[in-house]
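J.: Protein chains in written order, with the numbering used here: chain A, 632 to 840; chain B, 632 to 840.
Among the clues, some could well be false.
Any copy will do: because identical chains look the same in the list, a pair fits if it lies in one copy or spans two.
Stated by the list, open to error - The calculated DSSO-like cross-link candidates involving lysine-lysine, where the alpha carbons are at most 27 Å apart (straight line), are:
1. Lys-706 x Lys-808
2. Lys-759 x Lys-770
3. Lys-808 x Lys-770
4. Lys-634 x Lys-770
5. Lys-706 x Lys-671
6. Lys-808 x Lys-681
7. Lys-681 x Lys-759
8. Lys-770 x Lys-671
9. Lys-671 x Lys-759
10. Lys-706 x Lys-634
11. Lys-759 x Lys-808
What the hints contain is simulated information worked out from the structure, not anything from laboratory work.
Note that this is a predicted model, so its numbers are computed, not measured.
There are 2 protein chains.
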Amino acid sequence: MRKGELTRHTILERSAAIASRMGLSGVTIGQLAEDLELSKSGLFAHFQSKQALQLQTLQFAGQLFIDRVIRPALKAHRGEPRVRALFERWLEWAQASTLEGGCLFVAAASELDDRDGPVRDELVRQQKAWLELIANVAKGGVAEGDFHAGMDAEQFAYDLHGVMLAYHHARRLLRDKSAGQRARRAFLALLHVARATPLSRAARKARAS
Amino acid sequence: MRKGELTRHTILERSAAIASRMGLSGVTIGQLAEDLELSKSGLFAHFQSKQALQLQTLQFAGQLFIDRVIRPALKAHRGEPRVRALFERWLEWAQASTLEGGCLFVAAASELDDRDGPVRDELVRQQKAWLELIANVAKGGVAEGDFHAGMDAEQFAYDLHGVMLAYHHARRLLRDKSAGQRARRAFLALLHVARATPLSRAARKARAS
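Please construct the entire structure, taking both the sequences and the accompanying hints into account.
T.: Now the structure itself:
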């Protein structure tokens, strides 16, 4: 990375961390300048407006999510293994090892749902793409014979999203120590419903061996 | 209600509506004074501080939730009918017929999860009480023989909460027209898993007739 890109990366990393705690509206050029000991005018050179800064922070977080969650999960074998990998990576992401305030997208969703404009539009685009990806990975489970043919993959994505939102709530607001266990149980129940009958699974395994 | 109480009620109603859109931090005495055409000093007489105003707004919303969701649902017959009534009332609440910005508690949860203080404490108290109430209503389903004895009522509460959070996200952020249908399907799947076996249900019905 060249120096300019490196600076930009550092700024957006800090900005995403602030947004995970305070929401995107908590990200200001003044706050960033103070945190990073950079001049306000230097920051303005990178981001012409508060809106541009928010938009790029969201895009930066989106790229981080792709790198930490999606890309590694897609390396797992298609079918149930990939669905499981997606869930585990997502759970790790929500545990906020990267972003101090937990999932930035959860914070942004309730912050932006009553507003209009390009930042909201970008968030909606990202969230729809993510739900679509979950549904496609679930369809891979049908193609592999792990899940039954009648399973509703879009519903599975909706349900899994709910599990993660409840996890976020239990862990971050209620500070419930069993949050992770609850999320895993809920996920296993979803898998259980999605699965092909034991008989057809056994048949498939016999076929494969 | 006396005049003072009436004014207080009107103020908190407005304040809760603002908080449902902008979060509790969006509620300011200045904004309220402007919206309600009241003097700032008059508002200060009701609420000595911004924190007191936020706390009372949250308590006001909590009471509204009890009146609109909990109290009517508890009139339904104990067991599955009461669980269904709870879900339907909750869904109505989230449809924001009362609060223009949707569920105030969803907004407050992601707003307050990284902060400390009495407003957060009150929200945590409310949310825990609500999850406990759902679990208790689910246990009523076990007592009535509608749900199987081994069902995990706390997990049921966690799962149902996830369904509602996903609904809120789908409806308000994604403006997904099928949000209500998705929530209903997810709820029916939870009921299906919780239910006693068809055999024991049939036995119970035979007993009852």
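J.: All hints are to be evaluated individually against the structure, with a verdict given for each.
T.: Okay, the hints, checked on the actual structure:
1. Within a single copy, Lys-706 and Lys-808 get their C-alpha atoms no closer than 30 Å, and across copies no closer than 33 Å, so neither meets the 27 Å cut-off.
2. Taking CA atoms no more than 27 Å apart as the test, Lys-759 paired with Lys-770 passes inside one copy only; the shortest distance there is 16 Å, against 36 Å between copies.
3. In this assembly of identical chains, the alpha carbons of Lys-808 and Lys-770 lie at most 27 Å apart only when taken from different copies (22 Å versus 33 Å within one copy).
4. With identical chains, the CA atoms of Lys-634 and Lys-770 are never at most 27 Å apart, being 43 Å at best within one copy and 61 Å at best between copies.
5. When the C-alpha separation of Lys-706 and Lys-671 is checked against a cutoff of 27 Å, the pair qualifies neither within a copy, at 42 Å, nor between copies, at 60 Å.
6. Proximity of Lys-808 to Lys-681 under the C-alpha cut-off of 27 Å is found in neither arrangement, the shortest distances being 37 Å within a copy and 32 Å between copies.
7. Taking the shortest Cα distances, Lys-681 and Lys-759 sit within 27 Å of each other inside one copy (25 Å), while across copies they are farther apart (37 Å).
8. Taking identical chains as interchangeable, the C-alpha atoms of Lys-770 and Lys-671 are never at most 27 Å apart, the minima being 48 Å within one chain and 58 Å between chains.
9. When the C-alpha separation of Lys-671 and Lys-759 is checked against a cutoff of 27 Å, the pair qualifies neither within a copy, at 35 Å, nor between copies, at 43 Å.
10. In this assembly of identical chains, the alpha carbons of Lys-706 and Lys-634 never lie at most 27 Å apart, being 32 Å within a copy and 66 Å across copies at closest.
11. Taking CA atoms no more than 27 Å apart as the test, Lys-759 paired with Lys-808 passes between copies only; the shortest distance there is 14 Å, against 30 Å inside one copy.
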